[in-house]
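Could you put together the complete structure from these sequences and hints?
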Amino acid sequence: MSQVIEEKPTDAVVLGLGAMGGDIATKLTLAGVKTVGIEKGPYWDFQKDFAPVKYDEWGIAWMRKFDHSLTVSTFSIRNNSTQMALPVRRNTLGQIHTLGNGVGGATQHYGGQMGRFGPWVYQMKSSTVSRYGQAFLDAAVPHEDIFDFPVTYEDLLPYYKDWEMAWGVNGTDQQPFYPDSVYPKPPQPPTPGGQAFTEAAGARGVTPQPMAGAPATKPFTNQYGVQVNACVYDGWCGEGCNFVCETGAKANPAFRTVPAAIKTGNLDMRLNSYVFRLDTDSSGRVTAARYYDSEGNVHVQPASVFVSTIWGFNTVRLMLISKIGNAYNPTTVSGSLGRGIAQPTGAPGRNVTGTLNIGANAYPSGNSQGGGIHILDLADDNFDHTGKNYIGGSRVIVGQYAGGGPGCLGIATNASPANVGSAFKAKQKDVFIPPKTMLTLSGAGNCPPVTDYYVDLDPHYDDIYGDPLARQTLDNLANGTNCANDQAPLYEAILNKMGASNVTVAQPAAPLSVHVNNWSHHTRGGARIGTDPTLSVFNKWGQCWTSQNLFAVGEITEPVGSCTETGGTHPAGALALLTADGIQKYLASPGLLA
Amino acid sequence: MYASRPPSPDEIAILNRELLACTIRVGEALRGMTELWAIGGDAGLVLHGVPVEPDGIEIITTSKGVDEALAALRGPVAAAPEVRERRLPRDALVDGAWYPLFVRSRYAAVPVEGVTVELHGDRQLRIGEWEWGDPLRFKPEVTQVTTADVNLVPLRLESEFAFALGWDDLARKIADAIARQTHQGMKTQGISAE
Chain A
2 MSQVIEEKPT DAVVLGLGAM GGDIATKLTL AGVKTVGIEK GPYWDFQKDF
52 APVKYDEWGI AWMRKFDHSL TVSTFSIRNN STQMALPVRR NTLGQIHTLG
102 NGVGGATQHY GGQMGRFGPW VYQMKSSTVS RYGQAFLDAA VPHEDIFDFP
152 VTYEDLLPYY KDWEMAWGVN GTDQQPFYPD SVYPKPPQPP TPGGQAFTEA
202 AGARGVTPQP MAGAPATKPF TNQYGVQVNA CVYDGWCGEG CNFVCETGAK
252 ANPAFRTVPA AIKTGNLDMR LNSYVFRLDT DSSGRVTAAR YYDSEGNVHV
302 QPASVFVSTI WGFNTVRLML ISKIGNAYNP TTVSGSLGRG IAQPTGAPGR
352 NVTGTLNIGA NAYPSGNSQG GGIHILDLAD DNFDHTGKNY IGGSRVIVGQ
402 YAGGGPGCLG IATNASPANV GSAFKAKQKD VFIPPKTMLT LSGAGNCPPV
452 TDYYVDLDPH YDDIYGDPLA RQTLDNLANG TNCANDQAPL YEAILNKMGA
502 SNVTVAQPAA PLSVHVNNWS HHTRGGARIG TDPTLSVFNK WGQCWTSQNL
552 FAVGEITEPV GSCTETGGTH PAGALALLTA DGIQKYLASP GLLA
Chain B
10 MYASRPPSPD EIAILNRELL ACTIRVGEAL RGMTELWAIG GDAGLVLHGV
60 PVEPDGIEII TTSKGVDEAL AALRGPVAAA PEVRERRLPR DALVDGAWYP
110 LFVRSRYAAV PVEGVTVELH GDRQLRIGEW EWGDPLRFKP EVTQVTTADV
160 NLVPLRLESE FAFALGWDDL ARKIADAIAR QTHQGMKTQG ISAE
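Note that the protein sequences, when read in sequence, are chains A and B. Under the numbering used here, residues 2 to 595 are what the first sequence spells out, in order. Under the numbering used here, residues 10 to 203 are what the second sequence spells out, in order.
Don't read these hints as lab results, they were simulated from the structure. Relax, there's no trap hidden among the hints.
In the BS3-like style, the derived pairs of lysine-lysine whose C-alpha atoms are separated by at most 25 angstroms in a straight line are:
| # | chain 1 | residue 1 | chain 2 | residue 2 |
| --- | --- | --- | --- | --- |
| 1 | A | LYS9 | A | LYS586 |
| 2 | B | LYS73 | B | LYS148 |
| 3 | A | LYS35 | A | LYS586 |
| 4 | A | LYS49 | A | LYS219 |
| 5 | A | LYS586 | A | LYS162 |
| 6 | B | LYS148 | A | LYS219 |
| 7 | B | LYS148 | B | LYS182 |
| 8 | A | LYS219 | B | LYS182 |
| 9 | B | LYS182 | A | LYS49 |
So the derived list for chain A, only partly shown, Cβ under 8 angstroms to chain B, looks like this:
| # | residue |
| --- | --- |
| 10 | TYR44 |
| 11 | MET166 |
| 12 | THR222 |
| 13 | ASN223 |
| 14 | GLN224 |
| 15 | GLY226 |
| 16 | GLN228 |
| 17 | VAL233 |
| 18 | PRO260 |
| 19 | ALA261 |
| 20 | ILE263 |
| 21 | GLY266 |
Here the structure is a predicted model, which means the values were calculated and not measured. We treat Cβ as the ideally placed atom computed from N, Cα and C, and that holds for glycine.
Dropping the structure here:
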């Protein structure tokens, strides 16, 4: 029979020991803060758990055996507030709704793409209005709900560097749009496609650069003293968000930072534990976190400070269920919690395709989508938008490793339960080592937050414990499509310069001809940091305006996003370290931080 | 749910702050050395991912390398260079019999960032009354400690020593570390990496 167990008070409780929570727990424990980490999954070991079973395309890439179970909890989705949202209860082919599960969270399976936000992203609103005027912004993004980060790129630079050192980020040191972007590890070797793109794009006057990535391109020991193995380029960890790493080379806090926290003796991990409520007192202060353990017991864990790093909508959902914060009302456009969700990029794009005689673009021994070359000349405000009908831009990437084994998503387009096995694998040979390469360049511009899109509690659907699901109301924006349509001619010129044959430019895409039909791992907003408590939920430290001992960090706290990185781990990682500083300041002197 | 447990503190390969600072300083100072040098001993093992608890830094070099390293490290010398011979605290187990184990080297010591760095030039080992082994020579492996490149005694060489000396507990830890760096999954499933 399940029981209610009152736990002893501690200094700090970290909800979720994923990419952000693992790092924050490490910072706190190294500073002597007694910390309880509540994590809904187990502690996976890359050798004991991943290495013996990772060559299982079906189980890992399709059945998501290392990931969060959608039967426990999920989200419901719709495109606008007039629709009935439906819950996503399983992963279907081509639509992966993957949340992390276990210490390290989604970094177990992520593609490992890295990249900072550029300076413009942090001041998107003020910079755009100052350069082009509010009318331009209103025309490009009707109902825009954009505001600046409460910190600048320069403010975050030391946090970026600290985080990159700990994780061993690899990439370029010559990125012209990101000041002082010397990453600690050299980039992964480029593919033939990447090399050809470098030459062609460079000749077009733009600045191709190696993409930043998460795999350790050389063995290292980080500033916490944690030893990290180098990537062995086995080609089984990348391709979208699929495969785990068997040597710990793909950056994951479980193998980068959390070991240092364990070594301090200050970290108490409560694994396989599902947080469902935050208790508050009459002043709004959070007094305890409630969670179910794997046997169904309810634990009540008091602490001086709490930080939620659980995935985006779940933080919003937990706060709404716990009646913390001011819920967003889309009718009156008031309230802040659940407000301002946005995708990093928005479909539909406009494809430009061509055939190259270089072969092996789908480099079979690649990893983590590394080895790619990208250009940021057409991203952010890195070019003049005068006369354009969009803000931001897109980045073009060529030559990433395919990775992921024969069953990886991008290659195994013919995968289905009916044709797995030797016949299926035989078909993949020509895809893996093609005599020629079909290259598709497709821009997909920014989708900034607008007042129409938000997350709230679903009135119809519950999780396995009976609490309401979070409901996403989100669709694409014309801004992204307008960008893709405008930039396609440049991609065409680059393909021609690469010597491609049969270069074809698709017809301009129509905005909203494709709708959002999933949730992105990298949806931004919903619980944003800012300077205005009526618009934002947290201040720059990630401290809740209404419950001052509650902090949060993740992509949900970012006011806006950018296409300059496909994932959002890297910029959120810098914010996580800022939040860790904020928590320590709060513990030293409780109150609203300046 | 299947999953392994979190590692216990003694299963984690980690350098403490003092040793970390010392290692970085050593890496930066010795980067330009012309003679062979590499960190060995327990600190070297930790930098390879072997969970042991080092209390200092040992540098394996040549006889000339001792002087070159001392010049590069530029600090007050705790022990001036001289040929030293001593018995190690742990004996060797060979063919079922225990033998005392001796080490001889051109030895010097220097404090770096509060940590004693021991330099061993032309280090040799002797088991019991057998002949001295050859001075240690190898091609170092390189790791990066934060920003500093650091040479290490190759892990497979450390493994050979551990096996040869009958230090099975250490040999097992080294074998685990090697397994964690490589394609063990492919091997356990009978898949060839080639």
